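Just so you know, the sequences run in chain order A and B.
Here the first sequence stands for residues 0 to 317, where the numbers follow numbering that gives the first Met the number 0.
Here the second sequence stands for residues 0 to 317, where the numbers follow numbering that gives the first Met the number 0.
A portion of the hints provided could be inaccurate.
It does not matter which identical chain is used: a pair holds within one copy or between any two.
Heads up, simulated DSS-like pairs for lysine-lysine below, C-alpha to C-alpha not over 30 Å straight-line [claimed, not checked]:
hint : residue 1 : residue 2
1    : K24       : K128
2    : K91       : K285
3    : K285      : K53
4    : K285      : K221
Calculated directly from the structure, the hints in this document are not laboratory data.
Bear in mind that the values here come from a model prediction, so they are computed numbers and not experimental data.
2 protein chains.
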Amino acid sequence: MANYVIGIDLGGTNTVIGLVDASGKILAKDDSVKTQKYAELNDYADAVVAVINKLAADNSVAMSDIEGIGVGAPMGNYYSGDIENAANLPWKGRVPLGRVLTEKSGLPTKVTNDANAAAIGEMKYGAAKGMRDFIVITLGTGVGSGIVSGGNLIYGHDGLAGELGHVTAYEREGRQCGCGRIDCLETYASATGFVRTAKAWLEKRDDATVLRSVSPDELTSKMIYDAAVQGDAFAKELFEFTGAILGEAFCDFIAFSVPQAIILFGGLANAGELLLEPIRTRMNQKVVSFWKNKVDILQSSLSGADAAVLGASALGWK
Amino acid sequence: MANYVIGIDLGGTNTVIGLVDASGKILAKDDSVKTQKYAELNDYADAVVAVINKLAADNSVAMSDIEGIGVGAPMGNYYSGDIENAANLPWKGRVPLGRVLTEKSGLPTKVTNDANAAAIGEMKYGAAKGMRDFIVITLGTGVGSGIVSGGNLIYGHDGLAGELGHVTAYEREGRQCGCGRIDCLETYASATGFVRTAKAWLEKRDDATVLRSVSPDELTSKMIYDAAVQGDAFAKELFEFTGAILGEAFCDFIAFSVPQAIILFGGLANAGELLLEPIRTRMNQKVVSFWKNKVDILQSSLSGADAAVLGASALGWK
């Protein structure tokens, strides 16, 4: 058995590539490959493999001492190794990422979606260590999820299971989602959806808030967070509203797989208790009575980039 | 290894006990134990064990040739073998059914909920044979579910996962569910919920239907089925409405675990295409686009009592 693996966090903007040892330590990390620069998968794979070779050489690791590559990517299919119709990546339709990386690197490559990779990262090294049943919800540009049941990731019949950003939100008003559905959870609980709520409220309400000093087009979730921390009631209400929607959605997730914990990861999750507290309150108010106060709502204990790289890397081991 | 197992379908009214061989053949079946007659778990267990002994003797099977007992019961917990707060059973709180049956029979006993037992039955002997990812939805007095992912039942952290009758229905009007929540799927899609819709419509609408000739208190789902088969538009619309609610709920279930098929079992499922067709139509209209027409909606291929007994019996094997 080799002593190292490569973990790749393939994002719409950056690709982060890490060289990881058997203890889960990231020896070296590189984010020089800008995903959007590569219109062709082939060119992208060449750039990735060049970085892998460089990371190995810089750290005096022989390629033969690398067991394999694990990739977390939007719409990454664990079964086929393909990426399928990822909205925010340059390659359209179905592209054979796993096969191409294997051919170019000589290393076996496993692919899964980014939220599943985060879930594996949390299970091996983070907030879900020792848990056999938990759900990771990623709150970024979109909302994703990695669902672990009985110690196993739920991949589903087609390898694409765990799209909990695309369940219907409980409190709804007809928001169009990028996926074609109406009122997906993602249209409220992603960083984008959160800002969308803020803009809608700014337009239809007239209470005072420091957020009115920002042009609506420049508003970010970070600005709303900063305003809430400074005591802005409007900003705090935005977190309460969004937390309540997540809390109601979590009631349904609990009925499905009864996780020990639901772990929030990335983007909006960095708001911590500002978001977690209203989630817990609404969830425990609405959930089937015998699950009241039984499911922990936690924030990821790994830094964003590390969890994704570590989680992906875990797929690299045989 | 022994050659036989006992499968028990513990219902609110009847307890069906079957002697099953290794090929899944029910050699003999007994439904003489009336669940509600036994205020004490001990007396119930004595009656069940007496039937097991009789079934073995009548079929010339030695008790030593029985490998174990599997029980499907409402709120049956696979991990503990207990039944926990089952609303329709005579024993309140948490009762140690598995332990008591083991003590009295000398046979190892495994317990799970009735919908999980049905799912195991469908997987081993029915419509889900060969499938690794599917969901069984039971449409009886309540709505239950057994979820199989990657060939494994989802039991969750507490052994009680898969309560898909208690997710929120998409089209809702504030119906109180027995579980304490508002607008659970069960309040629409159980046989009881279906009749509840019929009564509400009969009251607020005035279109003609043969169902007006029945006293509302005596209305049953079977009567509505018969009316629909005879072409009653009101009755047909009830199936379309209920199917649409199920179809929308299934969109969320698909986003969770992407089953190859969703299999409807018991009670209302016996209406067949009258219910299945509107489910398919609405589901494929509303589901995330890449899952359109990818998930089969099937009717159970096992007779009700047999699937439950066979599914439970499968737990009896080591």
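**OP:** Sort out which numbered hints this structure fails and list those numbers smallest first.
**Re:** Number 3 only.
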